[in-house]
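*Asks:* Read off the chains here:
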Amino acid sequence: MKFSVVAPWVETPLKQFVDDARVEIAVLMHPTGQVLGQYGFARSVDVMTACALASAIHSTSSELGRQLEGQPFSALHYSGRDRQIFLGTIPAHGSTLVLLAVFDAESSLGLVQLFLEEFKARVAASTPPPVSEQAPAMAENFERDLNRNLAQLFGRA
Amino acid sequence: MSTAFAPLTESLIRHRGVLGAMVVGLDDGLIVHSTLQIGVNGNAFAALTASLYRKARRSSNAAGFGATGFLELAAEQGRVCTAGGKELVLVVVCESRVNVGLLRVELLRAAEQLP
Chain A
1 MKFSVVAPWV ETPLKQFVDD ARVEIAVLMH PTGQVLGQYG FARSVDVMTA CALASAIHST
61 SSELGRQLEG QPFSALHYSG RDRQIFLGTI PAHGSTLVLL AVFDAESSLG LVQLFLEEFK
121 ARVAASTPPP VSEQAPAMAE NFERDLNRNL AQLFGRA
Chain B
158 MSTAFAPLTE SLIRHRGVLG AMVVGLDDGL IVHSTLQIGV NGNAFAALTA SLYRKARRSS
218 NAAGFGATGF LELAAEQGRV CTAGGKELVL VVVCESRVNV GLLRVELLRA AEQLP
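As you go down the protein sequences, you meet chains A and B in turn.
Sequence positions in the first sequence follow the numbering used here and run 1 to 157.
Sequence positions in the second sequence follow the numbering used here and run 158 to 272.
These aren't lab readings, by the way, just hints derived from the structure by calculation.
Be aware that one or more of the hints could be misleading.
[Stated by the list, open to error] Only pairs whose alpha carbons sit at most 35 Å apart, straight line, appear in this in silico DSBU-like list of lysine-lysine:
| no. | chain 1 | residue 1 | chain 2 | residue 2 |
| --- | --- | --- | --- | --- |
| 1 | A | Lys120 | A | Lys15 |
| 2 | A | Lys120 | B | Lys243 |
| 3 | A | Lys15 | A | Lys2 |
| 4 | A | Lys2 | B | Lys212 |
In this text the structure is predicted, and so the values were computed from the model without any measurement.
Bound-form chain A, shown alone (with noise of 0.2 Å):
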């Protein structure tokens, strides 16, 4: 399975934490569902479908947090029969990106958890200042934008 990127300095951070926490699909994205780097999918179509729900899952998550408790929830689990997924923000610079984490029995939320705080120091200590400062696209130049990161991914561009 392949690491794509469409900012290198995801690759380092993400490939460290899928080997650490030993995931099967891991996939840093914008909230707004704009992909930044992913590994474990083949196929575009599969990672726009990954990152419009997670998107919109952690805004559900999100609202839910702020309404009970006044700030939104910070990481979001879900346990399926074979599956487990994990949804957590990361902090970066003054913005928030989400990492959306699938893993089986080889992993553990414990293990997801505890990578995580470590893949936060990473995105933290390697984000470059400037890609804070650019917002992530919306209304006109979000499919266009969104398009030409998922070309990046799997070498269409």
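Given chain A, work out where chain B should sit, using these hints.
*Replies:* Chain B alone, transformed into the frame defined by chain A:
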């Protein structure tokens, strides 16, 4: 916060050289109850040791040896001892000087009370 598992961890932490005792979920690697000395990274020990125990159990089953009873990891400056049930494991973090024989007896006795 005291739980039903507090007597188990408190009986283990009394041993000389024991730095921490935890009841940990075997599948998720999360701490259910812990008694730790300051400075022990309980979450890391719990997640990693539960993972190790799961793999040891699978290895033991694959070899046809049956259930894993007691797992001890000896390092240069300390030891991690684990014994468990089907759902929970007891993890003890200790210094090298600990009386392993005595600890093993206590740990196995305590582990019998785990689900």
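*Asks:* Work down the list of hints and note, for each, if the structure agrees.
*Replies:* The hints, checked one at a time:
1. About 13 Å separates the Cα atoms of A/Lys120 and A/Lys15, which keeps this hinted pair within 35 Å; it holds.
2. Of the supplied pair hints, the one linking A/Lys120 and B/Lys243 holds, its CA atoms being roughly 33 Å apart against a limit of 35 Å.
3. Restraint check: the Cα-Cα separation between A/Lys15 and A/Lys2 comes to about 10 Å, which is no more than 35 Å; the hinted pair holds.
4. Distance restraint check for A/Lys2 and B/Lys212: the Cα-Cα separation of roughly 26 Å lies within the 35 Å cut-off, and the hinted pair is therefore satisfied.
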